[in-house]
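All chains should be modelled from the sequences, with the hints used to inform the complete structure.
Protein chains: 2
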Amino acid sequence: MAVSSRIKDVQAASRSLNAFYFQSRYGKRRAAPDICDFTFGNPHEMPLPEIVSAIRTHAVPKDENWFAYKASEAEPRSFLAEHVGRELGLAFEPADIALTSGAFAAIALIFHLTLDQGDEAIFSEPAWFCYEPMLLAAHAVPRKVALAAPSFDLDLSAIDAAIGQKTKLVIVNTPHNPTGRIYTGRMLRDLADLLERASARVGHRIYLLSDEPYRRLRFDGRAFDSPASFYPWTFISYSYGKVLLSPGQRLGYMAISPLMPPEERRAFQQAAFPAQVAIGWSFPNAVMQYAVPDLEKLSIDQAALARRRDRLLPVLRQAGCEPLVPEGTFYLWSRWPDGEPDRHWSALADRDVFVLPGSLMNAEHYFRISLTASDAMVEKALPVFAQADQGG
Amino acid sequence: MAVSSRIKDVQAASRSLNAFYFQSRYGKRRAAPDICDFTFGNPHEMPLPEIVSAIRTHAVPKDENWFAYKASEAEPRSFLAEHVGRELGLAFEPADIALTSGAFAAIALIFHLTLDQGDEAIFSEPAWFCYEPMLLAAHAVPRKVALAAPSFDLDLSAIDAAIGQKTKLVIVNTPHNPTGRIYTGRMLRDLADLLERASARVGHRIYLLSDEPYRRLRFDGRAFDSPASFYPWTFISYSYGKVLLSPGQRLGYMAISPLMPPEERRAFQQAAFPAQVAIGWSFPNAVMQYAVPDLEKLSIDQAALARRRDRLLPVLRQAGCEPLVPEGTFYLWSRWPDGEPDRHWSALADRDVFVLPGSLMNAEHYFRISLTASDAMVEKALPVFAQADQGG
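Protein chains in written order, with the working numbering: chain Z, 108 to 499; chain G, 108 to 499.
I should point out that these hints are in silico values taken from the structure, not numbers from a laboratory.
Treat the hints with care, as some may be off.
Just so you know, same-sequence chains aren't split out, so a pair can sit in one copy or run between any two.
Pairs of lysine to any residue residues, derived as SDA-like cross-links and limited to a Cα-Cα distance of at most 25 Å, are as follows [as the list claims (entries may be wrong)]: (1) Lys273 / Val248; (2) Lys404 / Val432; (3) Lys169 / Ser258; (4) Lys404 / Leu420; (5) Lys135 / Tyr176; (6) Lys115 / Asp223; (7) Lys115 / Tyr128; (8) Lys135 / Asp457; (9) Lys115 / Ala178; (10) Lys487 / Ala138; (11) Lys115 / Lys251; (12) Lys487 / Tyr128; (13) Lys169 / Lys404; (14) Lys115 / Gln224; (15) Lys404 / Tyr133; (16) Lys169 / Ala411; (17) Lys251 / Asp223; (18) Lys115 / Tyr176; (19) Lys115 / Pro249; (20) Lys273 / Ala109; (21) Lys135 / Lys169; (22) Lys273 / Leu301.
Since the structure is predicted, the reported quantities are computational estimates derived from the model, not experimental observations.
Structure (structure tokens):
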């Protein structure tokens, strides 16, 4: 048939998510105004007015080049090198930063920079939906290991055991979607030691992708450590889509750890621009690049996320669910009560409460709640969640 | 070394262009306000005010989902199916249209939809700079044939001769960058017949990519025929970056020819969304999608392009250049006078007139002038071009 083999593989890897989104009971109801939608990390309240004014302000041209081709522009690069450097305690140069049209583009860039045909990349499940199809589209091989339930910490020995001659990249996502875990500095240091030993063992450098789009969404004043501080061969992907809850505006970046040895660091710095052009000119548009300094200051209401979390947790527990207390992200991950997960999901859906079934993330006994639902949805759904054990 | 082999190939294929842009005499002078810059298709005048107002208007949220994830949204798809359908005389369905962040993303999407590792794609030189690095990034194999100088028509027998068992895609760019040629309906029909015969000969379907970002930029009221009208297995890539001279705002689309047989057409329609997600969520941002109907009506001042062309042509001819009269695009393609092309280029550069050397497009005896230079640049450069034969 007509479609390339790689995209057929991508379609197979995307099938269950797309079926859920487009064809499931959720797909049929998702546009209805009265449902309680806890599925995806999409906004259910009006955007921050400061985002609107940033876009409107920077749409007004100051010179003839205002809408000319923009790659990774000097001003946002310098700005981010300084601000992200201060945030993470890492001495970025502007050339370490590549502006991208969201974290997707940053991840695609890192895959292309580090992986050739048949190279393997390891990630831990449950995981974000798109690592697998993105690796397949890039002709790389996804290798999945399980996170260590019930804490969903990284299973370092499973990662170590999965590393072989073909392994070129390990992906870590912290704060973690869907579990809300933030990995500790100690665990990341152990991971770094593991990758150092494994690189020596396999005879080539294993790189680390630290996918950190939820980095600024943390509960209870928790600290965050970037893997880039522990393992010099780390690339960071970041998106403003989460902290601004505006994923439609496509703004993010890739950052090279400044701890990387100089020769390799220069090589990746120099490769980033031609690579990003060649994968589809995946730079943010001009207006969004001008807006970086304004947007960098903003965040959605994190107190609201905590409030919703704290409303839901006791109700879920009472209903026999086993929720994990999220440390970061805007998700709440929970085990279903005993019984059949599908029937639990359907019983909620019968009452127009929609959650993300863990089966979409290879964790069928779990579900994910997105705390980006409105307070009104939370209040309306509480009595439904209170009977979550009566559906299975 | 660290960087993947494919990106090293991309770097090698991008080297001369990047050296010109960043390190050449042009690279050192390009930001200077007093130069006459005829190199790239970038704006040298203020943007159309209607672009600014479209962005500012559509940045104002009308609902909670205003900046939510946007894929190929229903409204711009329907709008484009109708409007592009009327323009090209083709009955597009909304599902034939995939909104992309510029033509780069449309081209990357088409490459991924049709090409697997080692598959060959044929294009004609001189050509746009990025087909080759984009094919290499996608693990495909570029096969180049020459256009038929001095008319720079497609060399159909050269294309036919280049087609083999590995050929999956042929790329045609009309109106053509850099030559300004618009291929006639007769020639495109002959190409379609050729591809039909060749597909039968090699035993699989050869697809056609019709790269048409300059489609609305035509001189002297000339007609345009899309290859999608002649060859059913055609994908169109389009960008608003040319007709609006705002390439920094990243808006374009991929369109499947509605003449494609239903089963294949459906297969590509269904594959486009997961493919586009997997290559890096390469949809235009939310604001740009809302702006499509407003932007669709606009164009830069095409009379100004014709005026600049007509000022330059006689002067170039008198100086011993052999310009091709452009039929479309905003470029003017010319042969240098006798002598050494490098010395001709340098003599212009000595007087702060910068053109694109044809050597960057594997055509060292030629150069390209972008008519996006301002009228003032044209007037200032005319006496310099008048002595173009005195530099070699």
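### Structure versus earlier hints, numbers of those that do not hold, lowest first
Failing hints, ascending: 2, 3, 4 and 15.
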